[in-house]
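For this note's numbering, count along the sequence shown from 1 and bump the result up by 2.
By construction, these hints were calculated from the structure, which means they are not laboratory data. Do not rely on the hints blindly, as some may be mistaken.
In silico DSS-like pairs for lysine-lysine, Cα to Cα no more than 30 angstroms straight-line [to be verified]:
(1) K31 x K126
(2) K31 x K59
(3) K44 x K59
Predicted, not measured: the structure shown is a model, and the values here were computed from it.
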Amino acid sequence: MKPKLIVLVVVLLIVAMVPALAMAAGQAKPQRTVRVTIDVTKPLGPQLDAQLGVTSKGVRAVYAPGMPAPRANNSVQPNAVYALLNTSFEAPNWPSTSGNADGFQFAELGLSWVGWDSTFYRAKRGQQSLYSAGYFNDPFVYPFYENDMESYAYYPMDLTGARRVQARFQYRSDTEFGYDYFLWCSSDDYTTFLCDGHTGSTNGTWRLVTLDSRNSTIMADLLNEPFASFLFIFVSDYSNVDEGTYVDAFRIRAWGP
């Protein structure tokens, strides 16, 4: 084959490959949303297996169950609208090691010590967000979560007398699809949690979640409850990690009777 013909064939092959490469580069990562109910007094892994199916890697890990239940500290009085929480996880209240953290409490129940805390690495509003691997980790050095995580960030409330409750937040997430999960949950007893969640990738975008007790089972479960709590849970299995989940612009409001 003549040299000029060889060059022409190579050029034509490269031109033919460009659309395929561009399509592959622009292809969205998989994702899906889920709903689960979990009992914190029992290991989380088997509960996820039962409701989401056993993964191709086998059953999920079994960690020691149990989460401390704080006393509720935000009372709702009648005939008013209360902005219980409106945070972008900014300083000086954050990071949580500052001793305030807007009333949030935390628990790490997996084998990893890494968990939820604020970070400057990404933000939707302001300069910081709540990051699933912000505690015991520097995302500017290692922008990934860890294996074997079961991390809780929860906001306790006394909603005695509340007749309507609303929560709103934005999240951006990249997790191992089908294996690692970001969950947002409610509980009225610090034992049983009703959760919606996400696995996979939001593909570089922030997603808005708005929950209202008028049409959300998660929020309706909190009405008139003295030991109510809204939670973010991040859980990962024993292999493969991604960047993780960021939460920002989080607001909770309640209406009295």
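Consistency of the hints with the structure:
no.	hint	in the structure
1	K31 x K126	holds (21 angstroms)
2	K31 x K59	holds (20 angstroms)
3	K44 x K59	holds (21 angstroms)
This entry satisfies every hint, going by the numbered hints stated previously.
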